[in-house]
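Same order as they appear, the protein sequences are chains A and B.
Numbering-wise (numbering that gives the first Met the number 0), the first sequence opens with residue 0 and increments by one.
Numbering-wise (numbering that gives the first Met the number 0), the second sequence opens with residue 0 and increments by one.
No lab work stands behind these hints: they were computed from the structure.
Fair warning: this is a prediction, and the values are worked out from it, not measured in the lab.
Note that beta-carbon positions come from the ideal geometry of N, C-alpha and C, so glycine has one too.
A hint or two may mislead.
To be verified - Chain B is nowhere near these chain A residues, computed Cβ spacing over 10 Å in every case:
id : residue
1  : Thr34
2  : Ala44
3  : Asp119
4  : Trp150
5  : Asn182
6  : Leu186
7  : Gly190
8  : Gln200
9  : Tyr213
10 : Pro232
11 : Glu238
12 : Asp240
13 : Phe242
14 : Val282
15 : Ala286
16 : Tyr306
Unchecked claim - Partner residues are not named here, just some residues of chain A that face chain B (Cβ under 8 Å, in silico):
id : residue
17 : Asp50
18 : Leu51
19 : Gly61
20 : Glu62
21 : Leu64
22 : Gly65
23 : Pro67
24 : Val71
25 : Ala79
26 : Gln153
27 : Pro164
28 : Ile193
29 : Lys212
30 : Pro289
To be verified - For each label pair, taking beta carbons as the anchor points, the in silico distance ranges come out as:
id : chain 1 : residue 1 : chain 2 : residue 2 : range
31 : B       : Met190    : A       : Asp264    : 41 to 49 Å
32 : A       : Gly65     : B       : Phe50     : 41 to 49 Å
33 : B       : Phe351    : A       : Thr143    : 27 to 35 Å
34 : A       : Arg260    : B       : Leu138    : 54 to 62 Å
35 : A       : Asp264    : B       : Thr183    : 37 to 45 Å
36 : B       : Pro14     : A       : Glu62     : 56 to 64 Å
37 : A       : Thr143    : B       : Ile164    : 56 to 64 Å
38 : B       : Leu138    : A       : Glu62     : 44 to 52 Å
39 : B       : Thr185    : A       : Lys152    : 24 to 32 Å
40 : B       : Gln353    : A       : Gly65     : 32 to 40 Å
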Amino acid sequence: MERMTRRGALAALAGLGLGTMVLAGSAAASDAYPTGPITMLVGYAAGGQTDLVARAAAKVMGEQLGVPINVVNKPGAGGAVAARELQQAKPDGYTLLFHSNTVVNSAPFIMERVDFTPDDFEYAGMITAYQVGLVTQKDAPFDTLPEFIAWAKQNPGFSYGALSPEARLYIEQIARQEGLKANIVPLKGGGDMINAILGRQVVLAFSGGIHNKYPDQMKMISALTTFRHPSDPDVKTIEEDGFALGMDSRATLFLPKGTPRPILDRLAAALQAAATDPGFEKVAAAASIPIMYLGVDAAYKEMADTYAKNRGIMQSAGLIK
Amino acid sequence: MHYLLVGFEDVLLDPATLFWVAFGVTLGYILGALPGLGKATGVAVSIPLTFYLGPAAALGMLIGIAKGSAAGSAVSAILLNTPGEPSSAPTALDGYPLARQGKAQKALKMGLFASVIGDFASTVILIGLAAPLAQYALLIGPVELCAILLFSLTFIGGLSGRSLIKGLIAGALGVFFATIGLETETFIPRMTFGLLELDDGIALVPMAIGMLAVAEMIVQAGNLRTLDGEMEKLTDGGAREDHFVTAAEWRRCLPVIARGTFIGSIVGILPGLGASVGSFLSYGATQKASKTPEKFGTGMIEGVAAAESADNAVVPSSLIPLFALGIPGSVIAAILIAAFILHGLTPGPLMFQQQPRLVADVYAAMLCASAILLVIGYSGQRLFARIIKVPLRLIIPGVLLLCCVGAYMETNSVFSIYVMLFFTLVGFFSRKLDFSFVTFLIGFVIGPNLELTFRQSIQLLDHDAANLIHHPIALLFIGLTVATVAWLALGSYRAARKPRRPRPRGKETIEV
């Protein structure tokens with residue numbers, strides 16, 4: 000079945016005139032890399048923040064490498080569909096995946112049928128970070144997580160907006176530790192979250208970073224990362240407030256297992272050029288996405304570290320054994 | 000107002016901007032008119048282009064595609080009974096019978112006029128009232144939305160076709176298929192059979208292509224001789240009134256278009272509903288308000304006007320939350336956000352202060368797009384209307400190819416084509432067994448939103464139904480729902496008590 004699908008996919012690609020470039024690349028040796036167009040998969044639909052960063056980066060990287068980079072959106076299962084497709088691609092550097100590293104460092108703990116480990120892919124660097132945080136209305140009567148907890152103790156049965164399993168995990172852990180009673184309202188995506196906050200349906204919500212576009216209506220009370228957000232340097236992280244729950248995620252360049260190191264270095268150099276390109280910086284700044292470039296070795300380390308750390312968090316939350 | 004004039008100056012005097020707006024409308028219209036292809040394809044083609052265009056041109060082009068495809072999808076719905084977008088499915092109900100009666104040009108013109116009027120009026124609403132309307136829309140939370148969706152499900156009654164029971168079964172099946180995928184609260188996969196591709200549920204586009212277009216082509220292939228024979232007998236160029244919309248029809252349709260525009264604009268502003276809900280509601284409401292509801296589905300021009308006006312009115316009004324608050328209300332709006340950001344702009348209220356001129360340019364481009372739509376659609380009519388004379392054996396293979404391309408483009412994956420083929424089977428049998436695929440679609444589109452808003456409501460009401468008292472709008476719609484269901488039940492009870500009289504064999508004779 001798996002083979003059939005893949006062959007079918009290639010045939011259909013060829014039918015659209017896209018297949019030629021996938022095939023053209025396969026024969027090239029790594030020292031001459033790249034000699035043909037590169038396909039960059041993105042595991043989210045067009046128009047989202049990852050897609051935006053991917054396209055802006057692909058533009059600069061294409062100029063750097065001297066070949067076009069075609070961005071192909073392959074949404075599904077938070078990127079797991081695209082990651083699995085990448086696993087089946089040739090490790091020749093002509094198919095890559097630009098995606099959040101959550102597909103490896105958190106999805107396997109949350110989704111039953113996803114079992115990626117950091118060893119399943121090669122990494123050619125990371126370029127931006129996601130500013131994940133807990134957000135509320137600008138005029139809410141609390142500014143920090145401890146203040147919120149004090150408020151929540153007086154107001155049991157408050158509503159919290161969650162758009163992902165991680166989002167539920169945070170409030171469940173905090174509520175368990177502090178004895179709060181929360182009503183968790185399921186939300187579908189970032190747009191739904193903004194509606195819920197601006198429409199005052201919920202008092203607190205999990206944001207994947209989109210809140211930075213609404214500085215007049217929203218404020219963040221806690222950064223859910225191990226580092227303070229460049230956009231909100233005064234807001235403490237959740238770890239500073241005494242909960243060991245910080246989970247970092249970064250936009251990462253994934254390659255199939257077995258891709259030669261020289262190719263990774265070549266791609267990482269192009270990615271680094273993108274990170275300092277004025278055009279890319281402009282796009283990232285407009286979307287309030289911080290550029291935090293990591294090279295090949297740093298990316299491998301970041302992947303292994305966050306995988307181990309997130310695994311510990313999920314274990315203590317009882318999500319995995 | 001002053002800025003709007005400047006905007007018009009910018010757009011009309013800059014041939015490049017005007018060109019890209021016209022390009023977007025034309026591309027959208029053609030893609031919409033081709034069965035299987037549509038907005039999704041157009042957007043996929045144009046995203047890379049937006050990188051290289053100026054902000055006004057890029058935004059104008061994207062909006063043009065959305066407007067063009069919403070109007071163009073009526074063409075294939077009317078001529079071939081294969082709606083280019085799911086939102087044009089109600090258009091086909093009356094448009095196709097009209098075309099089979101030799102009134103294709105009349106139906107196409109009505110569809111176009113209704114589209115353009117709905118589109119233009121909704122654009123004017125966007126320009127004039129975006130800010131206040133968006134504030135009101137925020138008052139409609141999940142609790143209110145849940146009640147509104149519940150009420151809209153009662154329209155299934157009117158759209159069920161010959162049998163209410165079969166209509167309800169098809170609607171329930173639609174809801175059933177919409178439950179596939181990750182459950183929204185626990186994120187446990189439901190009925191995905193371990194396929195990761197199904198985690199995000201069955202995508203609307205490939206499903207609708209299979210159900211509406213491919214299945215229809217197969218049914219038509221089975222009737223090839225009869226259908227072609229009918230068409231040969233049909234002498235084109237007959238009565239003049241078959242080609243034009245008569246004054247009497249205009250009088251009947253204008254209130255219908257006004258209602259469609261109103262419904263479409265409201266649906267567009269509300270989060271997460273989309274054009275399909277708009278056109279279904281408008282069609283259903285028009286049928287309910289009509290003195291002759293039993294004639295719908297046999298070639299009532301009002302049906303075309305109702306569906307198309309609402310379908311197009313959704314597009315501009317779905318940008319209201321985006322422009323006023325920065326909230327994406329539709330797929331096109333989400334893409335537009337990316338385009339805004341690419342050009343260093345933050346969508347939302349700040350835009351009006353920081354970039355008033357650009358906002359004016361975009362508004363002007365949108366109004367120009369309405370005018371261009373009218374010109375392009377009108378000049379294409381005669382050409383399109385000839386399609387109905389082409390023998391089906393030449394049309395069917397081309398349509399099938401386009402359907403595969405359209406399904407594939409949505410997710411760049413062959414899995415979508417399998418989804419399309421599966422729903423081809425469902426669509427084929429629903430036609431053969433006379434189950435309404437329209438109520439199936441309504442169930443499929445409304446079902447997931449109803450579930451999500453219901454679950455949200457339970458949490459927001461703190462698990463206590465008594466808290467509904469704080470939501471008067473929701474109470475109103477719940478009351479309306481109960482009243483409608485009671486009215487339907489009473490009607491069928493009376494009908495059952497009467498001795499059965501032989502009913503005329505109309506396709507859409509209603510039980511109630």
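Review point. When the hints from earlier in the document are held up against this structure, which numbers fail?
Key: 2, 5, 6, 7, 8, 9, 14, 15, 19, 20, 21, 22, 23, 26, 30, 32, 36
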